[in-house]
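Trainee: Read off the chains here:
There are 2 protein chains.
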Amino acid sequence: MDIDNLLANRTKSMKASAIREILKLVSKPGMVSLAGGIPAPESFPMDIMPELVRRVFDKYGSFALQYDVTEGFVPLREELSKYLVRQHLSYSAEDIHITSGSQGLLDALGKVFIEPGDLIAVEAPTYLGALQAFNPYGPRYISIQMDEEGVVPESLEEILRKTKVKFIYLIPTFQNPSGRTTSLARRKRIAEIVQKYDALLVEDDPYSRLRYRGEELPPIKSFAPDHVIYMSTFSKVFAPGLRIGFSIAPREAASWLIKVKQGIDLHTSTFNQALASEYLAGGFLDKQLPKIVSLYAPKQKAMLEALKQHFPAEYRWSEPEGGMFIWVEGPEGMDVEAYYKKAVERNVAYVPGKFFFTEPGAGLETMRLNFTMSSESVLTKAIATLAEVLKTPR
Amino acid sequence: MDIDNLLANRTKSMKASAIREILKLVSKPGMVSLAGGIPAPESFPMDIMPELVRRVFDKYGSFALQYDVTEGFVPLREELSKYLVRQHLSYSAEDIHITSGSQGLLDALGKVFIEPGDLIAVEAPTYLGALQAFNPYGPRYISIQMDEEGVVPESLEEILRKTKVKFIYLIPTFQNPSGRTTSLARRKRIAEIVQKYDALLVEDDPYSRLRYRGEELPPIKSFAPDHVIYMSTFSKVFAPGLRIGFSIAPREAASWLIKVKQGIDLHTSTFNQALASEYLAGGFLDKQLPKIVSLYAPKQKAMLEALKQHFPAEYRWSEPEGGMFIWVEGPEGMDVEAYYKKAVERNVAYVPGKFFFTEPGAGLETMRLNFTMSSESVLTKAIATLAEVLKTPR
Chain A
34 MDIDNLLANR TKSMKASAIR EILKLVSKPG MVSLAGGIPA PESFPMDIMP ELVRRVFDKY
94 GSFALQYDVT EGFVPLREEL SKYLVRQHLS YSAEDIHITS GSQGLLDALG KVFIEPGDLI
154 AVEAPTYLGA LQAFNPYGPR YISIQMDEEG VVPESLEEIL RKTKVKFIYL IPTFQNPSGR
214 TTSLARRKRI AEIVQKYDAL LVEDDPYSRL RYRGEELPPI KSFAPDHVIY MSTFSKVFAP
274 GLRIGFSIAP REAASWLIKV KQGIDLHTST FNQALASEYL AGGFLDKQLP KIVSLYAPKQ
334 KAMLEALKQH FPAEYRWSEP EGGMFIWVEG PEGMDVEAYY KKAVERNVAY VPGKFFFTEP
394 GAGLETMRLN FTMSSESVLT KAIATLAEVL KTPR
Chain B
34 MDIDNLLANR TKSMKASAIR EILKLVSKPG MVSLAGGIPA PESFPMDIMP ELVRRVFDKY
94 GSFALQYDVT EGFVPLREEL SKYLVRQHLS YSAEDIHITS GSQGLLDALG KVFIEPGDLI
154 AVEAPTYLGA LQAFNPYGPR YISIQMDEEG VVPESLEEIL RKTKVKFIYL IPTFQNPSGR
214 TTSLARRKRI AEIVQKYDAL LVEDDPYSRL RYRGEELPPI KSFAPDHVIY MSTFSKVFAP
274 GLRIGFSIAP REAASWLIKV KQGIDLHTST FNQALASEYL AGGFLDKQLP KIVSLYAPKQ
334 KAMLEALKQH FPAEYRWSEP EGGMFIWVEG PEGMDVEAYY KKAVERNVAY VPGKFFFTEP
394 GAGLETMRLN FTMSSESVLT KAIATLAEVL KTPR
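Sequences listed follow chains A and B, in order. Numbers in the numbering used here are just positions in the first sequence, counted from 1, shifted up by 33. Numbers in the numbering used here are just positions in the second sequence, counted from 1, shifted up by 33.
Simulated from the structure, these hints should not be mistaken for laboratory data. Some hints here could point you the wrong way.
Claimed, not checked - A few chain B residues facing chain A, derived, Cβ under 10 Å:
1. R88
2. D101
3. Q165
4. F200
5. Q228
6. S255
7. D259
8. A272
9. V293
10. F304
11. Q306
12. A307
13. A335
14. L337
15. L423
16. K424
To be verified - Anything over 10 Å on all C-beta distances counts as not near chain B; from chain A, calculated:
17. K115
18. E182
19. D231
20. I297
21. K324
22. P364
23. L397
Here the structure is a predicted model, which is why all the values come from computation and not from measurement. Glycine included, C-beta positions come from ideal geometry on N, C-alpha and C.
Next comes chain A alone, as it looks inside the complex (with noise of 0.2 Å):
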């Protein structure tokens, strides 16, 4: 039958994902993949799975595998509300709700909030998965201009003195896909800048924890704690596959928030929940984190040794204190997407920064880089041969 005149329009609209058929190429055997954002396996507690799964149904029994409430598995949000503090939140359980990952609630926020033609202020580059989710509400974007510093408060200022946005999304520690951490000087000024324009802010927070250097900053809803939407998860920490996010909202935007979740997947897993109940009750995030950290950071630090090493003169690149990616621009004019076929001829993938931008023609110079995924060697050694590939003549 004739699917195509059943579509709504927002389904039209979307086209097929050009950064979906660049990855595809990426599945080659022998490939480096420096092209991914996703966590190493052997990031995972994998020993300690048979004893928070008997924890589990030790505690909570056939009460694991019910129906469970919007808003989430009380148990969990009552741990996550003790470990939140020492992130500078003190939020009561009632005030976390959990996620079907992050992506569940920024799909939630695009449902709450967007209207078609609505102003969505995001940072210049910005998560792909987050415009992925506000697409179909038919938003327009307007960038925020970033620096080494992260967020540039004057830019977000303009911004919102000029236009009315319906919402602010920022990932100000590790960002996805620069790296740049927006340093306490400027989250207490952007702070600042959301309260006096009654402005929403959405705080992704999703690789603080992976800190290899430097000290912990707190999230800007310390500050502004009724502007700001945070939200995090536990993907980068315990297990992606698990699917589990959380967040914590001013009180009025939550109870929209868990409305339309209702109707959006019920609820999150309880099981999942239960397990990342017990990994927190039982203190094990505080030693798999460690772990985690002394895993990565080895592989980043080859990799910013293999770019000074190699990468020609022209190129900068971001040196993040933790997260999961280093940012790479090329010299003005440059077009990294050319290059990209003859690195994965090579062997060696990567993303071409200009997917990350809203604007279009913005971002040719930059590519994105994962390093968690390999280890130092093979990294040194995919950065050399990019290198080379960037050095030929087109």
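With chain A held as given, fit chain B onto it using these hints.
Mentor: Chain B in isolation, oriented as in the chain A frame:
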């Protein structure tokens, strides 16, 4: 901050759910709830869960905790491909897609197909969770008549002849809320009609395996493969807290459903999909199903007998061969909701049937009774009490 003025129009139009308010009364201690729609925890295969978990980690290791493709965990889709042949559905793993519960697909259907004002044809009465998933996308509903034999094909044909509907949504077997099953002859007739009018049918099939008497019927999908999106779930035959549903859609529709699912939740929990896969692969479902049936069948029998014994002569009710619900119709002009508070005072809760109708004023004399959550003796007593309440003059 003022969240209200940031809401999308679709959100503003979401009313506080009247049924939620009604169900709040149910949590009173001592309440016998015939209002729910959830499986008995005794139906969960608790005894085999440790073995299932062990098999998952033995077989898949860290893959069970990693990100997975949006389409679903391949081994689960392969097991479903084999399993569904017995349900008259012969499809390859590529054609079977995993969803985050049935709700996940209902939401995706709304997102892919529904434009504000679009007509969706639904049974009268129909499943509330489907309306909750579709409503944010702004459809109008048109009701298809039902009788004791299920959907009335002539009513469906009249609708399709007169108007253009985006899709038809049916639960042909042991329907929620009515318990009714659309007969084999009518299934074939409906298949002819959707093909004749080139209409898209969503066939929701959560209950068909819960059959206590009579013979299994083939799904409508088996008679009109190109026009039907078939969907089902592990919630009633394994565990609802795992949130695993699945669907088989015409290929073009499937590709759009996958595309939007990526923005909604990336993918469904890998770990839970692996558990469901091993549940099928190990033959555990085949062993558990007779246990579930022998748990529910006597409950249903007890409720039917108590209705016969205690309910006033002017009441009629469905006598389904399976499922989780019995549908009671009072005399015309009767308002079942008016008795709700009195029933709750006597510690018996039910759902007034009017909530399952999309047309205002319909179904005032109806109620939905669930029998899965209480013992036979409790059910018998509750029905006797409810009969007393209904006999009281208002």
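Trainee: Any hints from earlier that this structure breaks? Give me their numbers in increasing order, please.
Mentor: 1, 6, 13, 14, 15, 16, 19 and 20
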